[in-house]
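Student: So the sequences go chain by chain: E and S.
All residue numbers for the first sequence refer to the working numbering, where the first residue is 25 and numbers rise by one.
All residue numbers for the second sequence refer to the working numbering, where the first residue is 1271 and numbers rise by one.
By construction, these hints were calculated from the structure, which means they are not laboratory data.
Check each hint, because a few of them may be wrong.
Chain E is faced by these chain S residues, among others (derived, beta-carbon under 8 Å) [claimed, not checked]: (1) 1342; (2) 1343; (3) 1348; (4) 1349; (5) 1352.
Using N, Cα and C, we set each Cβ at its ideal position, and we do this for glycine too.
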Amino acid sequence: MTGPMRTSAGGAIDRATTISFTFDGRTYRGHPGDTLASALLANGVTLLGRSFKYHRPRGVLGSGVEEPNALVGVGLGGRFEPNTRATDIQLYEGLTAVSQNRWPDLRLDLGAVNQLIAPFIPAGFYYKTFFGGPKLWAFYERFIRAAAGLGRPPAEAEVDAFDHRAAFCDVLVVGAGPAGLAAADAAAAAGARVILAEQDGRLGGALLRDPVQLSGADGLAWSAVVADRVRTAGGRVLTRTTASGFHDHGLVHLVERRVEAGQAPAAGPAQRIWHVRARRVVLAQGVIERPLLFAGNDRPGVMLASAARTYAARFGVWPGRRAVVAGGDDHIYLTALALADAGVEIAAVLDSRASAEGPLAVEARSRFACHQNARVVAARGGTRVRGAQAVAGGRRLDLACDLIAVSGGQTPVVHLHMQAGGGLDWDAAAGAFVPVAPRQNHEVDR
Amino acid sequence: MMLIACPHCGPRAHVEFDYGRTLDAILPLDAAPEQAAAVLYARDNPRGVSQELWQHTHGCRAWLVLTRHTVSHEISAVVPWVAATAAPRESGA
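Make a model of the complete structure from these sequences and hints.
Tutor: Right under this line is the structure:
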């Protein structure tokens, strides 16, 4: 068992193998298949950083590249990399991570006094306020420079090599969730040369957190079969590979991470940029969940509902032991049921809608306290969530919990589509801006 | 990063090519200074279809006339430059 918050079974991790890593000098254990964030959560570490200005405690909000809070420095010497998302680093033996923007340490951070004087340094407060003659500035500058920025830049020169490579294909598929896999499968079956790029280390996308049966098989087993079929047909499947730019006439740049941040490659370059010229491009990048607005919604223990499900299902980690789930669509019921099945106690489900009659809602109501017309007003706690203040139908609720899982709706990942000149349109049913009118030769998955 | 279909070499990335100028900026060798200034500095900058002279510098070295949309970068035609007109040939700058 690697940590007090690790479940006894389940998840796409190799429980037979244990690897050790350090965070702020302390040694912890995790498993292959973990991310740095999931391994720290398993060890009960929820405080991962401090905010930029007020040094507010920050933990893990997401479970992938969308993570805004859990930024850490990783690696040593010439391989040190600051501002790396803990949710996007696959754990490896000997990983060395440090927290950022705190002094003298993460728990006792003197910069946190900024929270007390916050009323006097409003948003937009600028260091130039301190200008007052060269002598005064020379005095202030030392402190301002020390307080500026989040991570520290590496002190030594980069030691690894970086490579680039050109490639051509008929169909490039970005994203290996169910939609991307199906697209790559169909294109390969039709005889097209296919490249499938997935930024995660594993294929399956949402199937990794929400178990689904596809073509009569477990979703992840189906993913493996499809990927094999694409490879057998001559296609290329790239993992840990992010499409970073979509340029004219089907040129897409991919960044392939051959090793993780701070990790020494066994041979060859650490990263590789692919210049892929594709006849057609399929963007199947999925969605990112939106957070909710309430006081203290950056407190460690407030987490996206999709991330909470990911930690429970994919990593075998309890994101908390007692959860409040809040939001405005049926994802909250899906989340509450998934967390409860993983062994998390559900304190309450707070649905902002007046009614919910879907099958998930009906099942959830039979098992947990579910409130309609309800929302979170504030997260209580210091360096981690201790409870949630909520309003349900005009009545105040004070709920003890160590996890607030929030779902403010799903936003399609439209970055590449937009960067390639495509348009957006408001879809009321989806509650999101959705991609329309692609300008390049690409398809968008709806 | 456009893809230019060279009539001799096939589709190639535009880094292989060098841009010359638009066709309406081609200057007769004996042009008067006023005419040269007008052609070179006061020419149109269309938002739309533009006729341009490109050289496949890192390929067949041929001079090509591209019909290119300046907003969408759509290239509707690539034909070799043919010195059939009275216009003098570019020196190749």
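Student: Work down the list of hints and note, for each, if the structure agrees.
Tutor: How the hints compare with the structure:
A least Cβ separation of about 7 Å between residue 1342 of chain S and chain E falls short of the 8 Å threshold, and the interface hint therefore holds. Interface restraint check: residue 1343 of chain S against chain E, minimum CB-CB distance 5 Å, threshold 8 Å, status holds. Nearest Cβ of chain E to the Cβ of residue 1348 of chain S: about 13 Å, over the 8 Å cut. The hint is violated. For residue 1349 of chain S, the interface hint is violated, the least distance from its beta-carbon to any beta-carbon of chain E being 18 Å, above 8 Å.
Look at residue 1352 of chain S: its Cβ only gets to about 25 Å from chain E, farther than 8 Å, so that hint breaks.
In summary, the numbered hints that this structure violates are 3, 4, 5.
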